[in-house]
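A.B. asks: Take a look at the letters that make up each chain.
2 protein chains.
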Amino acid sequence: MGVLRRHISKGGNEEWEGVPVEEYEDGGVVLGTKRVLIGQRDGAVSFSLRYFEIPPGGKSSLDRHAHDHGVFILKGRTRVLMGQETVEAGAGDVLYIPSDEQHQFENIGDEPLGFLCAVPPRD
Amino acid sequence: MGVLRRHISKGGNEEWEGVPVEEYEDGGVVLGTKRVLIGQRDGAVSFSLRYFEIPPGGKSSLDRHAHDHGVFILKGRTRVLMGQETVEAGAGDVLYIPSDEQHQFENIGDEPLGFLCAVPPRD
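So the sequence lines, in the order shown, correspond to chains L and W.
Quick note on the working numbering: the first sequence kicks off at 81 and runs consecutively.
Quick note on the working numbering: the second sequence kicks off at 81 and runs consecutively.
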C-alpha cells in the first residue's frame, strides 16, 4: 500500500509524521540531522529518499562511494564539492553526483541548509 | 562529472537551466508540464528525478505500472488516489507509491500543483 508522510513543522524544524529525526554523523562527530522519508521499511525497491539538515558553518562528510545521489536543495545556501569542481547552490537547485565522485556540502548561509537526497534503496 | 541544474523562475514558472519544459500528456490530452531534472542523459543509473506541474482543476493520468514512485509535493494541494485509498496532501508532504498500485494526482487548489517524482532511471 502507498505511504503518506505528512510534513509538520515543529518549532521551525522540518519534521514528517512517523519519521524519526536521526543524528547525521561521521566518525562520532555529529554533522547535522537526517530523516529517512522513504526507505526499505516502506517497501521501497528502487530508491530511498532522505532529508538532511546541516547547521550554519557545518559541512557534510567528504564522501566518495559507489552509489549515486540526486539532490534537491530545499532551503539555505551551499558550496558543493563535486569531483574537482566547486559550485554554489541554493533553494530549488538540483544536483546529480555520479558513482565514485567525491562530494561534500558546506553550509555557507546564515540558516540551516536542508536538502532532499535520493539514493539506491537503503534505510 | 556531477551536474548542477540551477532553478530559475520565469514569470512565476518553475524552470531549471538546461531543462526543457515538456508537455505532460496522456493519449493526446495535455494534462500539465514535465521537466526531467535528472535522467539518463545525465548518466543517472539508479533513478530519475522529474518535476510535474498540473493546473488547478487538472489531474494526472490514472496510472498503474511496474515501477514505483517517490513524490515530494513542492506547491499546491492535491487529492491522491493510491490503490483503493484517497488522501489529501500539500507542500512538504511525501508519498511512496509501490509497484502496480493505481494512482492519480488531482489538483484541488487554486494554484498550480507542483511535485518532484523519483522513479527508476528513464528520460
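If you are wondering where the hints come from, they were derived from the structure by calculation, not from laboratory data.
Just so we're clear, the structure is a prediction, and the values are computed from it rather than from any experiment.
Mixed in with the good hints, there may be bad ones.
You can't tell identical chains apart in this list, so a pair holds if it fits in one copy or across any two.
Claimed, not checked - Think about it this way: if two alpha-carbon atoms lie no more than 25 Å apart in a straight line, the pair counts; the simulated DSS-like pairs of lysine-lysine are:
#1 Lys139 x Lys155
#2 Lys90 x Lys139
#3 Lys114 x Lys90
#4 Lys155 x Lys90
A.B. asks: Now look at each hint and say whether the structure bears it out.
C.D. replies: Hints and how they fare:
1. For the homomeric pair Lys139 and Lys155, the shortest alpha-carbon distance inside one copy (15 Å) is at most 25 Å, but the shortest distance between copies (28 Å) is not.
2. For the homomeric pair Lys90 and Lys139, the shortest alpha-carbon distance inside one copy (24 Å) is at most 25 Å, but the shortest distance between copies (31 Å) is not.
3. Taking the shortest Cα distances, Lys114 and Lys90 sit within 25 Å of each other inside one copy (15 Å), while across copies they are farther apart (32 Å).
4. In the homo-oligomer, the alpha carbons of Lys155 and Lys90 lie at most 25 Å apart both inside one protomer (16 Å) and across protomers (20 Å), since each shortest distance falls under that limit.
Checked against the numbered hints above, the structure violates none of them.
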